[in-house]
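Colleague: With the hints as extra help, turn the sequences into a complete structure.
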Amino acid sequence: TASNNVARSDTYKYIDGELVEAGLLLEGSAENLVNSSEDFSTTNWSEDGATTVTINQAISPSGDASADLIDIGNTGTAMGPDRIIQAMTLSTTTTYTLSAFVKKVDAEVIGLRHFQSGSDAIADFSFDTEEFIDTSASVDSTTVENVGNGWYRISKTKKKNAGGASIRIGGQIGSTVTT
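The C-terminal position of the sequence shown is numbered 287 in our numbering, with every residue numbered one higher than the one before it.
Hint data in this document are derived by calculation from the structure and do not stem from the laboratory. Fair warning: there could be bad hints in the mix.
Between beta-carbon pairs, the in silico distance windows are [stated by the list, open to error]:
id, residue 1, residue 2, range
1, A158, D124, 23 to 31 Å
2, S249, S199, 27 to 35 Å
3, T162, K267, 29 to 37 Å
4, R261, S137, 26 to 34 Å
5, T202, N182, 31 to 39 Å
6, E126, N182, 36 to 44 Å
7, N182, S137, 39 to 47 Å
8, N143, D172, 29 to 37 Å
9, D124, S274, 34 to 42 Å
10, T162, E129, 31 to 39 Å
Heads up, the beta-carbon is just placed ideally off N, CA and C, and yes, glycines get one too.
Modeller: Pasting the structure below:
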């Protein structure tokens, strides 16, 4: 965290899977609105269907043993309802980005969803093609960054336009992914 109008030169980014010093960081303000964004086993997250979360099962992109294993289960159909969910209250005039660091265990696809009645923003990432293969019309943009050692930082952006919402992370029925 940095104060307003203070130069930051202690930033790093991934280049060809290696973490390197990035130089001066120029960016707009941002805030993580997700509770327990690095621990999916807390009560801030709910497990739908047969989904289970096991904490600290792999080495994360930062190099510590803090990556959680999400077993999607097999009670749903297609890409749901087996997933993890967190309810959120968001502004109707703000653009939001949902991102996650993900690593394939046996899943072919993982989905990021911003659910809102009448405007479900869905973006499905394929580990095999290393790109988003399916996005709904309400998704403004998607990005994929290969951060090395099988990890990807995937994100989707959507402008919020009505009431309450939830974020959802899921995959194909019966698959497993590390986040």
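Colleague: Tell me if the beta carbons of R261 and S137 are separated by a distance inside 26 to 34 Å.
Modeller: violated (20 Å)
Colleague: Just tell me: holds or violated, for the beta carbon distance of N143 and D172 against 29 to 37 Å?
Modeller: violated (20 Å)
Colleague: Verify the CB-CB distance for T162 and K267 against the hinted window 29 to 37 Å.
Modeller: holds (35 Å)
Colleague: That 27 to 35 Å hint for S249 and S199 (C-beta), does it hold up?
Modeller: Roughly 19 Å apart at Cβ, these two residues miss the hinted range, so it is violated.
Colleague: Does 31 to 39 Å hold as the CB distance between T162 and E129, or does it fail?
Modeller: holds (34 Å)
Colleague: Between D124 and S274, does the beta-carbon spacing fit 34 to 42 Å?
Modeller: Given a distance of about 36 Å, which is inside 34 to 42 Å, the answer is holds.
Colleague: Does the beta carbon distance between E126 and N182 stay inside 36 to 44 Å, or does it fall outside?
Modeller: holds (37 Å)
Colleague: Range first: 31 to 39 Å. Now tell me if the beta carbons of T202 and N182 are that far apart.
Modeller: holds (36 Å)
Colleague: So the hint says 23 to 31 Å: do the beta-carbon atoms of A158 and D124 match that?
Modeller: This hint is violated: roughly 38 Å between Cβ atoms.
Colleague: Measuring from beta carbon to beta carbon, are N182 and S137 in 39 to 47 Å?
Modeller: holds (42 Å)
Consistency note: the structure conflicts with the earlier hints numbered 1, 2, 4 and 8.
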